[in-house]
Structure formats: C-alpha cells, structure tokens
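J.: Add chain B to chain A, keeping to what the hints say.
There are 2 protein chains.
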Amino acid sequence: MKPYYAVIFTSVKKVDDPAYDHMARSMTNLAQLQSGYMGHESAREKIGITVSYWESLEAISMWKEQIDHQLAQQLGKEQWYEWYKVRICKVEREYEYKS
Amino acid sequence: MKPYYAVIFTSVKKVDDPAYDHMARSMTNLAQLQSGYMGHESAREKIGITVSYWESLEAISMWKEQIDHQLAQQLGKEQWYEWYKVRICKVEREYEYKS
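Going line by line, the protein sequences match chains A and B.
Residue numbers for the first sequence follow this note's numbering, beginning at 6 and rising by one.
Residue numbers for the second sequence follow this note's numbering, beginning at 6 and rising by one.
So here's chain A without its partners, still in its complex pose (with noise of 0.2 Å):
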C-alpha cells in the first residue's frame, strides 16, 4: 500500500441552512479538482464526519489554503459552524470487506 493521508473533519452546525448545503456541494466538487485528491466520504447524524484521503501532506495543505475554500471557512466559523475539529492523519494500513 502506497501511504495516504486522511483528514478527519468533524463538526456539529448551528441551524440547518440551505446556503451550507449548497457551500458543502461546491466544496465537495471543488476539492475533486485539486492535485492529490484521492475521494472522500461523509455522514451527518447529530455530528457531522467528513474524511478525505489525500495523496500528500503538500496536497492537504494547498486544499486549505485554496481561496474559494479560504472563503468557505470563513463564512462556517461565521454563520453555520457551533464546533469543528480536524485531524490530519497518515494511513498506515487499511482492509476491506466485500459480501
């Protein structure tokens, strides 16, 4: 296995907001076009988990700082987010399961 990356992100929102689901869907196909993007996968319960796995830490870093998605947390810290964390994690092993 080639070593990847992953970043945990982790979050509980204020109020349910259309304008979050519709930033939350430009991120999503804004950050398949950036170099080193390798997928994610994502749930929302009572906390939110979004993790996308990336080929580098170079790659990871270039996604925060990409000035659309700069624009994008900044207005989450402003209007929708109560919480976040993030994590960023190297992949050391991995299994899957098919039936």
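What the hints contain is simulated information worked out from the structure, not anything from laboratory work.
Keep in mind that a hint or two might mislead.
The list treats identical chains as one, so a pair stands whether inside a single copy or across any two.
To be verified - Taking lysine-lysine and the DSS-like style, the derived pairs with C-alpha atoms no more than 27 Å apart in a straight line are:
no.	residue 1	residue 2
1	Lys82	Lys18
2	Lys7	Lys103
3	Lys7	Lys19
4	Lys82	Lys103
5	Lys95	Lys19
6	Lys19	Lys90
7	Lys95	Lys69
8	Lys95	Lys7
9	Lys82	Lys19
10	Lys90	Lys51
11	Lys90	Lys103
12	Lys18	Lys103
13	Lys69	Lys7
14	Lys18	Lys69
15	Lys19	Lys51
16	Lys103	Lys69
17	Lys82	Lys69
18	Lys103	Lys19
T.: What follows is chain B alone, placed relative to chain A:
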C-alpha cells in the same frame, strides 16, 4: 500534542436490523472499557462512518482481537455488512474551533 491513532471504519449495510443496532451499542460500550480507548465519533447516512481514537497501535490490536468483538465482526460479515473498509491512521496534527 501527544501522538495518537484513529481507526476509520466506513461501511454499507445490507438491511436495517434492530439486532445490528443492539450489537453496535454493545460494541461501543465495550470499546470504552478497553485499555487505550480515547473516544469515538459516529454518523450514518448512505454510508456509515465511525472513527475511534486510541493511544497506541497495540491498543487497536487488542480491541480487534477482543473475544466478543471477534464474534461481532463475524456476525457483521455474515449478516449485516454489504461492504466495509478499515483504515488505521496516525493522527499527525489537529486543530479545533468553537463558536
């Protein structure tokens, strides 16, 4: 930050089954008693994502081998999961926001 580990468990279930929910709750309770357990976060929509956090790779191995958890893994494959993937990761950096 003291280094620690994340286990990202993503899954798709075959069917909804109250027995699954019961088992999932039991395993959550049991994990909390394991040495080296630090916490977990979980959400399910189309895909389920559970991330658990651990002090060491040894703690993760011991949880994987725990006897009741072994049984749950077996039942999971036989009865509940269409697909799952496990990624074992080292958390290298983290940051948090509170409104």
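J.: Now tell me, hint by hint, if it's right for this structure.
T.: Quick rundown of the hints versus the structure:
no.: 1; hint: Lys82 <-> Lys18; in the structure: within (10 Å within a copy, 34 Å between copies)
no.: 2; hint: Lys7 <-> Lys103; in the structure: within (21 Å within a copy, 35 Å between copies)
no.: 3; hint: Lys7 <-> Lys19; in the structure: neither (38 Å within a copy, 30 Å between copies)
no.: 4; hint: Lys82 <-> Lys103; in the structure: between (39 Å within a copy, 8 Å between copies)
no.: 5; hint: Lys95 <-> Lys19; in the structure: neither (30 Å within a copy, 30 Å between copies)
no.: 6; hint: Lys19 <-> Lys90; in the structure: within (15 Å within a copy, 31 Å between copies)
no.: 7; hint: Lys95 <-> Lys69; in the structure: both (17 Å within a copy, 20 Å between copies)
no.: 8; hint: Lys95 <-> Lys7; in the structure: both (11 Å within a copy, 15 Å between copies)
no.: 9; hint: Lys82 <-> Lys19; in the structure: within (10 Å within a copy, 37 Å between copies)
no.: 10; hint: Lys90 <-> Lys51; in the structure: both (15 Å within a copy, 22 Å between copies)
no.: 11; hint: Lys90 <-> Lys103; in the structure: between (31 Å within a copy, 9 Å between copies)
no.: 12; hint: Lys18 <-> Lys103; in the structure: between (33 Å within a copy, 11 Å between copies)
no.: 13; hint: Lys69 <-> Lys7; in the structure: both (23 Å within a copy, 23 Å between copies)
no.: 14; hint: Lys18 <-> Lys69; in the structure: within (20 Å within a copy, 33 Å between copies)
no.: 15; hint: Lys19 <-> Lys51; in the structure: both (11 Å within a copy, 23 Å between copies)
no.: 16; hint: Lys103 <-> Lys69; in the structure: between (33 Å within a copy, 19 Å between copies)
no.: 17; hint: Lys82 <-> Lys69; in the structure: within (14 Å within a copy, 37 Å between copies)
no.: 18; hint: Lys103 <-> Lys19; in the structure: between (37 Å within a copy, 11 Å between copies)
The structure does not agree with the numbered hints 3, 5 stated previously, though it agrees with the rest.
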